[in-house]
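Residue numbers (this note's numbering), protein chains in the order written: chain A, 4 to 230; chain B, 4 to 230.
Simulated from the structure, these hints should not be mistaken for lab results. Keep in mind that a hint or two might mislead.
As the list makes no split between identical chains, a pair holds if one copy fits it or if it spans any two.
Unchecked claim - In silico DSSO-like pairs for lysine-lysine, Cα to Cα no more than 30 angstroms straight-line:
#1 196 with 20
#2 98 with 194
#3 116 with 41
#4 194 with 95
#5 116 with 194
#6 194 with 41
#7 116 with 187
#8 196 with 95
#9 161 with 187
#10 186 with 41
2 protein chains.
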Amino acid sequence: MAKVWVLDTETTGFDSKTCGVVEVGGVLLDTETLDVVKTYESLVFPDMPIPPQASAVHHLRDSHVEDAPMLELAIEPILTEPHDYIVAHNAKFDKPFLPMLEVPWICTLKLAKLTWAEAPAYSNQVLRYWLNVPDPVAATYPHRALYDAEVTAHIFLKLLATSRSDNPLERMAEVCNAPILLKKVDFGAHKGKAWSELPPKYLRWVVDNGTFDEDRMFTARYWLERK
Amino acid sequence: MAKVWVLDTETTGFDSKTCGVVEVGGVLLDTETLDVVKTYESLVFPDMPIPPQASAVHHLRDSHVEDAPMLELAIEPILTEPHDYIVAHNAKFDKPFLPMLEVPWICTLKLAKLTWAEAPAYSNQVLRYWLNVPDPVAATYPHRALYDAEVTAHIFLKLLATSRSDNPLERMAEVCNAPILLKKVDFGAHKGKAWSELPPKYLRWVVDNGTFDEDRMFTARYWLERK
Chain A
4 MAKVWVLDTE TTGFDSKTCG VVEVGGVLLD TETLDVVKTY ESLVFPDMPI PPQASAVHHL
64 RDSHVEDAPM LELAIEPILT EPHDYIVAHN AKFDKPFLPM LEVPWICTLK LAKLTWAEAP
124 AYSNQVLRYW LNVPDPVAAT YPHRALYDAE VTAHIFLKLL ATSRSDNPLE RMAEVCNAPI
184 LLKKVDFGAH KGKAWSELPP KYLRWVVDNG TFDEDRMFTA RYWLERK
Chain B
4 MAKVWVLDTE TTGFDSKTCG VVEVGGVLLD TETLDVVKTY ESLVFPDMPI PPQASAVHHL
64 RDSHVEDAPM LELAIEPILT EPHDYIVAHN AKFDKPFLPM LEVPWICTLK LAKLTWAEAP
124 AYSNQVLRYW LNVPDPVAAT YPHRALYDAE VTAHIFLKLL ATSRSDNPLE RMAEVCNAPI
184 LLKKVDFGAH KGKAWSELPP KYLRWVVDNG TFDEDRMFTA RYWLERK
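Next up, chain A with everything else stripped away, as it sits in the complex:
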């Protein structure tokens, strides 16, 4: 039996080196019974002002977090609850903000891209409506930590149900730990096309550009080598 914390983090910005956490939320799942064991949410004092661009996403302002605990304290109830994996939607965003979590991470964004090539998009909220998962119980709204973690938990359970592995969690973590071969281009002039159809010149431009994430780089290299 394994327990996974499905987590979501709200922050003051994108870069964990210069930004802080303003909220963590999580759903502890028992992956054998598929039950929610518990949920947890805490505001976090980020020790820096929340810029308007971040408030515009989660609608948390300085006044909301001025009396909240620091991250080290706020994360305690997550850390001390025995768990085998962390699950997050776009784990490469959350993981650097939560370096104290030392178990393997599973990324529902990566797995969704691999599993559902026909999805119209892969954000937490688009997958929520596309998969028609149950509404969150949290009495907040999207882009708050527990609300989003609940959506991710439902997406994770759908992904788990599609796995044919004997050790699905181990396999998921393994897949998420390496770049994946993307199917459809999700940016720029070729948006919506299959990566396999892109002209070598464009694939070369992606490889040389230096600003694309590891999955796009890996996919561009993969097809470039086969042209």
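Fit chain B to the supplied structure of chain A, relying on the hints for placement.
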């Protein structure tokens, strides 16, 4: 004395030719007293399914709008209330969805770009926190029509307060009816730079690209002619 309807529209997608309205909301302002005369909000039956990408924004689903009035009926209370101008944040999005509104439109997005060069970004919600306007009264959440219209109304009042024209509304509508000279680049490799500093080759690329909006095209042409 002038009355303006500050409106917001939620839809099934971006293109008014192929998409429908799912909600309209508005705040009727008296621009002399600066009072809210009334507010209005109605769900709208779009006569087509709401795709997951649209639900992911406003969180309205088919079941929410199945019994709602058609747009022609839902818009009646707005149409029949005497008004001199329509105000919207990014009016070029809302206007084609509401062709029955025949008074001049004022776009708070265009005016914000002209007025506040130092703003970190220009979305309705970023300006809300950056300008520190009062919270909406509507008991919903961002990206619902009345909630967003309330934010836009506050942004509009801030813009109105900065006007030095004798006929500020007429002047605002006039400015919004033409392309504007943008200050900072808000996309791509040169994001954040002044348009005036861009190399001619890049300005030429913007002009020839064909996918940029009229303000970016106008600004690129303007600086290209001066290089």
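- Query: Failing hints, ascending?
  - Reply: Hints 6 and 10 are the ones this structure does not satisfy, whereas the remaining hints hold.
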